[in-house]
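Asks: Please construct the entire structure, taking both the sequences and the accompanying hints into account.
Note that the protein sequences, when read in sequence, are chains A and B.
Sequential numbering of the first sequence, starting at 1, is according to UniProt numbering.
Sequential numbering of the second sequence, starting at 1, is according to UniProt numbering.
Simulated from the structure, these hints should not be mistaken for laboratory data.
Watch out, some of these pointers could steer you wrong.
Said to hold, decoys possible - Restraint ranges, calculated between C-beta atoms of paired labels, are given here:
{"#": "1", "chain 1": "B", "residue 1": "Arg263", "chain 2": "A", "residue 2": "Glu49", "range": "32 to 38 angstroms"}
{"#": "2", "chain 1": "A", "residue 1": "Gly85", "chain 2": "B", "residue 2": "Gly110", "range": "52 to 58 angstroms"}
{"#": "3", "chain 1": "A", "residue 1": "Gly266", "chain 2": "B", "residue 2": "Arg111", "range": "52 to 58 angstroms"}
{"#": "4", "chain 1": "B", "residue 1": "Leu22", "chain 2": "A", "residue 2": "Ala36", "range": "51 to 57 angstroms"}
{"#": "5", "chain 1": "A", "residue 1": "Asp226", "chain 2": "B", "residue 2": "Pro100", "range": "46 to 52 angstroms"}
{"#": "6", "chain 1": "A", "residue 1": "Gly266", "chain 2": "B", "residue 2": "Asp49", "range": "35 to 41 angstroms"}
{"#": "7", "chain 1": "B", "residue 1": "Arg263", "chain 2": "A", "residue 2": "Ala103", "range": "38 to 44 angstroms"}
{"#": "8", "chain 1": "A", "residue 1": "Gly85", "chain 2": "B", "residue 2": "Lys199", "range": "45 to 51 angstroms"}
{"#": "9", "chain 1": "A", "residue 1": "Glu129", "chain 2": "B", "residue 2": "Ser223", "range": "30 to 36 angstroms"}
Ideal Cβ placement from N, Cα and C applies to all residues, glycine included.
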Amino acid sequence: MTAYGVGIGWRPEIAGFVAQLPGLRFAEVVAESVHAHGDLPVGLAELRERGVAVVPHGVKLSLGGAEPVEPARVTHLAAVAERLGAPLVSEHIAYVRAGGVEAGHLLPVPRSREAVDAIVANVRRTRAELSVPIALEPIAALFDWPDDELDEGAFLTEILERTDALLLLDVANVYANARNRGTDPLALLDSVPLERVAYVHVAGGAEHDGIYHDTHTDAVPQPVLDLITELCARRRPPALMLERDGDYPAAAELRGELDAIAAASGYPAVT
Amino acid sequence: MYLAAQGDTWGIPGPAFLVLYLTVTIAVMILAAIHRRILFAGDRRVAVDRLGPQQIAYLTGGEHLAVYAALGGLRAAGAIAGGTGKTLYQSGPLPAGVTPLDNAIYNAAGRQIRARELTGDQWVVAAVRQLREGLEAQGLAVTPARLKAARMWAVAGAALVLLGVGRLVDGVQNDKPVGFLVVALAVAAFATIRLLTRKRRATHAADKGLRAVRTQYAYLAPSQAPSYATYGATGAAMGVALYGTAALYTMDPAFAAGAGIQRIQAAGTPSGGDSGSTSYSCSSGSSCSSGSSCGGGGGCGGGGCGG
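Replies: Here's what the structure looks like:
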């Protein structure tokens with residue numbers, strides 16, 4: 001896969017900032033915010049004209065649900081990928097609805113053999129409609145289900161191998177999960193197939209009452225940047241991107257975060 | 001009965017007079033429009049995209065919007081805040097590289113002026129005048145002299161109205177039917193009022209440049225929920241300049257509402273269905289009719305929107 005270097009999650013709130021990053025070659029957009037056939041959001045078309053790769057990132061497919069993915073949502077994701085000329089798409093290993101009830105956010109899937117089968121079936125259904133590869137992102141979870149049969153590494157490895165999907169690794173939630181459970185984040189890096197990593201999410205978080213939350217609205221802490229360096233020492237992923245979802249800081253501060261990711265990964269600065 | 005020539009008012013048959021009257025009225029309108037086009041052409045060589053937010057704001061929304069654009073910039077820079085009773089106060093140092101208008105507003109905030117009284121403050125008024133005169137000298141804003149010249153056509157309109165009234169009086173005394181004459185007179189009167197009251201701030205050259213600026217800063221539209229913390233003071237000021245004071249309400253609703261900021265729309269933005277503020281600046285006639293059809297910015301790239 002092409003090396004894109006440091007990227008950023010494109011959001012309408014900071015579209016003017018993203019447009020002015022001279023070295024940018026990679027961005028991600030929430031797939032559900034793009035019309036499959038209408039006008040692209042303001043500023044996104046200009047990024048595409050500049051040759052920036054824009055990857056649609058689904059949040060509502062519910063690949064981790066027990067029921068099959070909704071065909072209309074898969075069709076939309078595939079159409080958006082075509083519309084953006086995207087090199088790949090990504091989605092979460094999580095469920096957002098069950099029995100017709102919308103949870104409104106991403107919920108963790110129990111790591112059971114049964115769940116693996118359901119996810120594999122859903123990923124295959126999705127891939128059948130896509131003309132580009134899909135990268136799967138495990139989510140941060142504050143708890144483990146009591147009936148987990150597999151550890152995180154084995155769970156992910158099995159899903160990726162059986163579906164031939166790529167991995168979207170979120171170093172911030174690797175850090176959050178390890179910190180909240182008192183485990184070693186490096187052990188997880190060593191237990192997943194790093195050669196399958198398509199790109200990496202980097203986000204900030206904050207601690208409340210002893211629990212670290214992967215908020216996406218705070219600064220990226222140093223331990224997350226250190227984890228990037230550790231990851232890149234093992235195998236440097238083609239792209240790493242800053243994921244900021246709110247409480248956007250001053251432009252100088254955002255540029256500082258992008259530069260810190262570049263420094264930690266050894267990619268050139270995009271600012 | 002019109003064909004019976006006996007006793008025609010002023011010796012001219014009614015239909016002939018009506019045709020002549022309406023022809024002259026339309027001719028006056030056309031000549032006035034051509035003259036306006038020439039008077040308000042402006043200078044196309046000036047780069048509108050080099051203007052500051054306050055200058056853009058004057059062109060899109062007038063003097064008050066220029067003041068509010070500066071206020072938005074100063075607020076985003078943390079230089080001023082809103083106090084009790086809709087007053088302003090200085091909450092931080094004046095940033096570097098400010099304009100005379102910024103300076104005037106900052107000093108007025110030092111006197112705890114009420115936000116709505118800013119536009120009447122003598123130093124603010126002087127700074128706005130300076131800003132306006134600069135734009136006039138560059139051929140971007142219409143000068144009062146040219147606006148007056150354009151309004152002289154109302155004299156021709158008034159003459160037509162007087163003529164029509166004279167004919168109406170004599171016609172009624174002669175017991176002639178005057179229904180169509182009343183309609184023609186209404187047309188002439190309406191045209192005259194338009195000629196006398198139509199305003200215009202930005203020249204055609206400025207309007208053309210503004211459309212490009214609006215596309216360039218489309219990310220500042222309130223519908224994008226722009227992060228003003230990221231875009232900084234200049235972004236905040238430009239947001240107000242291009243999208244009206246609605247941008248101030250998006251940026252800092254507590255401040256905008258607390259200070260009682262007037263709702264002012266910028267010309268060329270689609271009206272957001274905001275009650276009570278429809279087309280405040282859209283009384284400026286032709287500048288608005290081209291603006292509103294070109295609203296969203298998307299459909300107007302190829303230069304097919306007049307200009």
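Asks: Take the C-beta atom of Gly85 (chain A) and the C-beta atom of Lys199 (chain B), compute their distance, and say whether it sits inside 45 to 51 angstroms.
Replies: Distance hint for Gly85 (chain A), Lys199 (chain B) holds at roughly 47 angstroms.
Asks: Measuring from beta carbon to beta carbon, are Asp226 (chain A) and Pro100 (chain B) in 46 to 52 angstroms?
Replies: For Asp226 (chain A) and Pro100 (chain B) the Cβ distance comes to about 50 angstroms; the hint holds.
Asks: Between Arg263 (chain B) and Ala103 (chain A), does the C-beta distance stay in 38 to 44 angstroms?
Replies: 39 angstroms, holds
Asks: Is 32 to 38 angstroms respected by the C-beta to C-beta distance linking Arg263 (chain B) and Glu49 (chain A)?
Replies: 36 angstroms, holds
Asks: With respect to the beta-carbon atoms only, verify the hint that Gly266 (chain A) and Arg111 (chain B) lie 52 to 58 angstroms apart.
Replies: 56 angstroms, holds
Asks: Just to be sure I understand the hint, the distance between the Cβ atoms of Gly85 (chain A) and Gly110 (chain B) should be within 52 to 58 angstroms; is that true here?
Replies: At roughly 55 angstroms between Cβ atoms, Gly110 (chain B) and Gly85 (chain A) fall inside 52 to 58 angstroms, so the hint holds.
Asks: Using the beta carbons of Gly266 (chain A) and Asp49 (chain B), state whether their distance is inside 35 to 41 angstroms or not.
Replies: Taking Cβ atoms as reference, Gly266 (chain A) and Asp49 (chain B) lie about 38 angstroms apart, which means the hint holds.
Asks: Within 30 to 36 angstroms: is that where the Cβ-Cβ distance between Glu129 (chain A) and Ser223 (chain B) falls?
Replies: 31 angstroms, holds
Asks: Does 51 to 57 angstroms hold as the CB distance between Leu22 (chain B) and Ala36 (chain A), or does it fail?
Replies: 54 angstroms, holds
Hint compliance for this structure: no hint is broken.
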